[in-house]
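Line by line, the protein sequences give chains E and A. Here this note's numbering runs 4 ahead of the position in the first sequence, where the first position is 1. Here this note's numbering runs 103 ahead of the position in the second sequence, where the first position is 1.
Keep in mind the hints are simulated off the structure, nothing from the lab. As the structure is a prediction and not an experimental result, all values here were calculated from the model. It cannot be assumed that every hint is accurate.
[Claimed, not checked] Using 27 Å as the maximum straight-line C-alpha spacing, the simulated DSS-like pairs for lysine-lysine come out as follows:
| id | chain 1 | residue 1 | chain 2 | residue 2 |
| --- | --- | --- | --- | --- |
| 1 | E | 483 | A | 136 |
| 2 | E | 345 | E | 265 |
| 3 | A | 136 | E | 465 |
| 4 | E | 345 | E | 355 |
| 5 | A | 129 | E | 483 |
| 6 | E | 471 | A | 136 |
| 7 | E | 303 | A | 136 |
| 8 | E | 303 | A | 129 |
| 9 | E | 119 | E | 303 |
| 10 | A | 129 | E | 471 |
| 11 | A | 129 | E | 223 |
| 12 | E | 38 | A | 136 |
| 13 | E | 304 | A | 136 |
| 14 | E | 220 | A | 136 |
| 15 | A | 129 | E | 304 |
| 16 | E | 223 | A | 136 |
[Unchecked claim] Not the full set, but computed from the structure, chain E residues with beta-carbon under 7 Å of chain A:
| id | residue |
| --- | --- |
| 17 | 261 |
| 18 | 264 |
| 19 | 265 |
| 20 | 266 |
| 21 | 314 |
| 22 | 324 |
| 23 | 325 |
| 24 | 475 |
| 25 | 478 |
Even glycine gets a Cβ: it sits at the ideal position worked out from N, Cα and C.
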Amino acid sequence: MEKSLKQTIYYTCIFKVAHQFLRQKIHNKMPKTKEAWGSRVGLILAMAGNAVGLGNFLRFPVQAIRNGGGAFIIPYLVSFLLMGLPLLWIEWAQGRFGGVRGSHSTPFIFDSMSKKRMWKYVGVFGIFTNLGIISYYTYIESWTLSYTLKSIAQSFGGLDRHQVSAAFDKYAGVHSTLAGHALPINIPTWAIIAFLITLAINIYILSRGLSGGIEKVAKIGMPLLLIFGVFLAIRAITLGSTGVAGCVTCNSHAGLNFLWKPNYSSLSDPKVWLAAAGQIFFTLSVGMGTIHCYASYVKKNEDIALNAMTAGWMNEFVEIVLGASIVIPIAVGYMGLDWVKANAGFMMAFKTMPYLFSQWGVVLSTLSGVAWFGLLFFAGITSSLAMGTPFMALLQDEFSMSRNKASLVLGAVVLMLALPTIFFFQVGVFDEYDYWTGTVSLVVFALLEVILFSWIIGVDKGWEEIKRGSDIRMPLIYKPIMKWVTPIFIIVIFVSALIKPAGGQFVDWQLAFHQLFTHGTWPFAHNSIIAQMFHLGTPWVYFKDGLPTAMFFKDMSRLLLTLTFAGLAFLVHVAARKRRKTAKITES
Amino acid sequence: MSREALIFMITVQGTVTAIVAYFFIKVLRTPAKPPEEDDDADSVE
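One chain only, chain E, in its complex shape (with noise of 0.2 Å):
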């Protein structure tokens, strides 16, 4: 009997000690909150230069000019105001309140948000957005680096336009094959090697952490963003006329009274307001996860009230005053309004601006050239580190994962996803992953974390989150508005994507109903979602001769990124699993 009660005491200090031990080996696995940032300062920045990006030189004027010049910015401020602030607030309060509890992922930041399991995989999105966008945007970011190197080589002096334009081409592979391959490849040796240096930069970065990475190249770039963007807007602004011979209209003042003269009659069309509301939306970098993340570092009781309006005002001081002021005026100075009004679009950073600064002479012309692309180049890398944060999170805080493993990981990953768009530029995929990721997959997320919180979790709940600590006053207003204003503005964004009727940008809504009600069709425009899905109006070949077409490559690309949405959820079914298990051991 007495050794039988020895025996049950021995077995159960064993019991207790492996108990403990093992208590002890699941803490120490347990996601810790080591990253944090070094100042607030830091932190508005780094979510500034998140937003601003190469859309705010390059696409924000292009719009302006396509939607009634100055009157672009009335809807444009308006929906800045209706959808753009409630997002950012949104996203900033549901980051610090999963942050609070551990989670520095969507997916697990939205788990923390609801019981309801499929929150996580809504979650998802947040970090496949990311992974999407980073694998094309890094390589972009490459080519500024690469013309910022250019640029000091004085390598565009001497060339006209039509050569500059084509030095690009060669560069980047745009409309060439590899030399006696049968498939659509293309190898740029130079754009890859630029763009394996410009990955390995950021995932470097990355692996530096918030404070003594991302934070530091915030501090300095953003600085230097605006000093170059200044010096480039003044130099447009007192440009003036240029003397082309037989252009009348060669002034970049022509330019800047073009992108601002208010046409008060386009405030009436639908079609400028979901332009503007499709601005705002893309140049606060709503809809990513990449906010969520940064927030989440943020501590309980910090503002983020503050925070969220400086940073979002301060990218729409680069939009709206350098943005608007650097490419159409330089671009009309020399190339003249009907020029401008043909060719206006993104890749007149690289095939026009070059010759444009090139009619300056050796020393303006390199300073400006520098300028330029170092912009975008800081523009862009801002961008790249905010993208690499929410899967890095997800690695670190579910899978015990170093920093350093970490950001190597998603250096594999996002080589693995950029390498199609290089070789198969010229097929389309480089769209595809941009149109799927970059334009689509925003919308849908940025759509169910405003259900989420607005609805979900209820307005009253998110609205005390987001009031907790905050320097300033909320305005009330806004309640209703994150209710009812900001999801309406975004459903009516996504709904106008998804059926958006043909017109290239002279998008006719009106007559579109007309022949729906008349002849029972509705005239999909090709890049309405719809008409993508379903390869609208293109025959569904996907062999020809022996050799796959463009079709062939943009399903792959699809392929691809489904499977990477597919992969991304399973990694977070795994890590759900995990924390119950280790839930269940340390409740017992």
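Given chain E's structure and the hints, the job is docking chain A onto it.
Using the frame of chain E, we list chain A on its own:
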């Protein structure tokens, strides 16, 4: 450049610049909060 466009540009760009400056100065002038212990970590729903 027409007077209307010039006035519109200066008004919009001036307003945006003033707003950014106001908020940024407010951030710089607001004293940092003392660090607090994080306690509750319950789900909202």
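Hints and how they fare:
{"no.": "1", "hint": "E:483 <-> A:136", "in the structure": "holds (26 Å)"}
{"no.": "2", "hint": "E:345 <-> E:265", "in the structure": "holds (15 Å)"}
{"no.": "3", "hint": "A:136 <-> E:465", "in the structure": "holds (23 Å)"}
{"no.": "4", "hint": "E:345 <-> E:355", "in the structure": "holds (16 Å)"}
{"no.": "5", "hint": "A:129 <-> E:483", "in the structure": "holds (24 Å)"}
{"no.": "6", "hint": "E:471 <-> A:136", "in the structure": "holds (15 Å)"}
{"no.": "7", "hint": "E:303 <-> A:136", "in the structure": "holds (10 Å)"}
{"no.": "8", "hint": "E:303 <-> A:129", "in the structure": "holds (19 Å)"}
{"no.": "9", "hint": "E:119 <-> E:303", "in the structure": "holds (23 Å)"}
{"no.": "10", "hint": "A:129 <-> E:471", "in the structure": "holds (17 Å)"}
{"no.": "11", "hint": "A:129 <-> E:223", "in the structure": "holds (18 Å)"}
{"no.": "12", "hint": "E:38 <-> A:136", "in the structure": "holds (20 Å)"}
{"no.": "13", "hint": "E:304 <-> A:136", "in the structure": "holds (11 Å)"}
{"no.": "14", "hint": "E:220 <-> A:136", "in the structure": "holds (22 Å)"}
{"no.": "15", "hint": "A:129 <-> E:304", "in the structure": "holds (20 Å)"}
{"no.": "16", "hint": "E:223 <-> A:136", "in the structure": "holds (22 Å)"}
{"no.": "17", "hint": "261", "in the structure": "holds (4 Å)"}
{"no.": "18", "hint": "264", "in the structure": "holds (4 Å)"}
{"no.": "19", "hint": "265", "in the structure": "holds (4 Å)"}
{"no.": "20", "hint": "266", "in the structure": "holds (5 Å)"}
{"no.": "21", "hint": "314", "in the structure": "holds (4 Å)"}
{"no.": "22", "hint": "324", "in the structure": "holds (5 Å)"}
{"no.": "23", "hint": "325", "in the structure": "holds (5 Å)"}
{"no.": "24", "hint": "475", "in the structure": "holds (5 Å)"}
{"no.": "25", "hint": "478", "in the structure": "violated (14 Å)"}
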